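The listed protein sequences correspond, in order, to chains Z and L.
To convert, note that position 252 of the first sequence is 339 in the numbering used here; the numbers rise steadily by one, no gaps.
To convert, note that position 133 of the second sequence is 142 in the numbering used here; the numbers rise steadily by one, no gaps.
Derived from the structure by calculation, the hints contain no laboratory data.
Because the structure is a prediction, the values reported are computed rather than measured.
Any given hint could be a false lead.
[Claimed, not checked] Label-pair restraints from in silico Cβ distances:
no. : chain 1 : residue 1 : chain 2 : residue 2 : range
1   : Z       : 198       : L       : 128       : 43 to 53 Å
2   : Z       : 119       : L       : 187       : 58 to 68 Å
3   : L       : 39        : Z       : 162       : 57 to 67 Å
4   : L       : 13        : Z       : 154       : 25 to 35 Å
5   : Z       : 102       : L       : 265       : 29 to 39 Å
6   : Z       : 301       : L       : 179       : 21 to 31 Å
Even glycine gets a Cβ: it sits at the ideal position worked out from N, Cα and C.
Listed here are the chains, written in short residue letters.
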Amino acid sequence: MTEKNIISVEHLVRKYGKFTAVDDISFQVGAGEIFGFLGPNGAGKSTTISILCTLLKPSSGKATVNGFDVARQQHQVRQSIGLVFQDPSLDDQLTAQENLHFHAMVYNIPGSVRKKRIDEALKMVELDTRRNDIVKNFSGGMKRRLEIARGLLHYPKVLFLDEPTLGLDPQTRNRIWEFLLDLRTRENVTIFLTTHYMDEAEHANRIAIIDKGKIIALDTPDKLKDMVGGDIINLKTVDDKKAADEISQRYRMQATDGHGELLLEVANGDEFIPTLVRDLNTRIISISLRRPTLEDVFLKLTGRAIRDSEVSSMEAIKSHMRFHGRR
Amino acid sequence: MKTAIAIYTIWYRDMLRFWRNKTRMLGSIMFPLVFLAVFGSGLSRSMGMLAPGVDFAKFMFPGIIGMTVVMSGFMSGISMVWDREFGFLKEVLVAPISRVAVAGGKTLAGATIATVQSIIIMALAPLVGVTLTPLVVIELLGLTFLVALMVSSMGILISSRIKSMEAFQVVMQMVTFPMMFLSGVFFPVNNVPDWLAVLVRLNPASYAIDPIRQTVLQTVQLPPGVPGLSSLGLTVFGHTMTVWEDVGVVAVLAAVLIAAAMWSFSIQD
Ligand SMILES: Nc1ncnc2c1ncn2[C@@H]1O[C@H](COP(=O)(O)OP(=O)(O)OP(=O)(O)O)[C@@H](O)[C@H]1O
Ligand SMILES: [Mg+2]
């Protein structure tokens, strides 16, 4: 491990009984980097985070955070990290301020700066006017913001965010991201996040795409998108199967099936569209051209859309909310 | 020092929650209160004296104090299972504090809450014609806190293995009911069938109830010529236990259970 790598993972494996949730993954994260884990439900993202945060023991392999071994130097690792869990972890019978105070105490923040830090954190997530309200009465987004503020209270070296914006509205998501990006520049915090929102993953400097416990690609968002050759054409026709056959015969091109439309990878999309419209015998309903997204990368690598391999994100949000509202 | 702060912080949070949620307090003293109301209302007079100067109400009152402590002491475990179920435990487990401090803080909080609840019962002493002097109250507080520590660590120990609320509640019932019914809360433990006598003496709660009863009953005015109330005391192998001997048994058990709870809670997946 070099000095610059704040997280280093080597051949990490985690099994639950016979089932392998994390299957021999290795990667490094540099200090100050935003590193994203992108993958469908059950890919092993949270399991990896739990191991890096010392909540779970690795079955085999080795991982260090801030230079400390996650299995043998747990105390030092815990001192170095901040965490926002996928599931809610606030005490909702306490006020916002009391939650932060508890955190400040167990992280040994000196009494002289405790109050200042709590004020600062509450301001940052715009909850300072609600500081004395019981958390139970907060909305989902407010709870999430409070959790993020709490994760940062002790100025961690590495911030782990497990689906930080799941179930939040776009404005709140943007605000949280503005804040995280600003924080990275100001404090040089390393951010490790998991997500299955494609647009969110774009914020990362580097992304590991994880599927079924394995890392199947790891690079910058742009380089990953370059793996998909050129542009993407979304094509809807009256008979997609017939159109796909026709395209493969005429242009020797593989059209993939994506949710009631066909996806084509082409080098020069804007020149290809007129040709296609002119030549195709199957009637076209709609056609559009776009730059590849990370979704296309996942599709190319696994042959499945991320959406196909998971419950719909609406469902995930609902179950998240149910959990929030249980007490 | 850091561990002491961590224990205090965890204890303090549970106190806040307890204070915010006073209705929950009612849950664990309801049962004792009903007993007191029924037997304090005169029913016990019709049942005659268990010893000179001691009617059933006076006999049972200290038992009810003990029972309150046993029932609410286990709430430590419930609190731990709640924390796990609602995610807060993760926040605690990922903090740079030792598992020992977490288990210790939770145990102490449970014991404190149980002691506070026993004070409510003590305040009802006049209902059954018992007058507690300040000195007796202080002695009782010491005793109930020790007993509460023992029970509370039992709760934490169980919660470290049994992680769902449903399962924990079943286990809690399975443990507390025999503990109460086989401890001399409801009947004098001498002159009972042999099998019962054995079970009573194997029950940790018996050694918790006995000193509380001895301490409360020392306030009873004995009729002239009656040497004492040892006939109501717990005997082991023919020896009548003194308060200090009982305290010794409870203290050892409490120490073993706390150590076991801390150890069991520190085991990691
Ligand atoms: N405690 C557990 N016992 C058994 N299997 C588990 C346990 N926790 C997770 N798993 C399994 O391990 C796999 C990876 O789970 P993990 O929570 O890491 O996925 P994830 O990538 O975070 O998914 P999501 O996007 O839904 O959060 C899943 O198949 C899950 O069922
Ligand atoms: Mg997850």
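If you check each hint against the structure, which ones fail? Result: hints 1, 3, 6 break, sorted rising.
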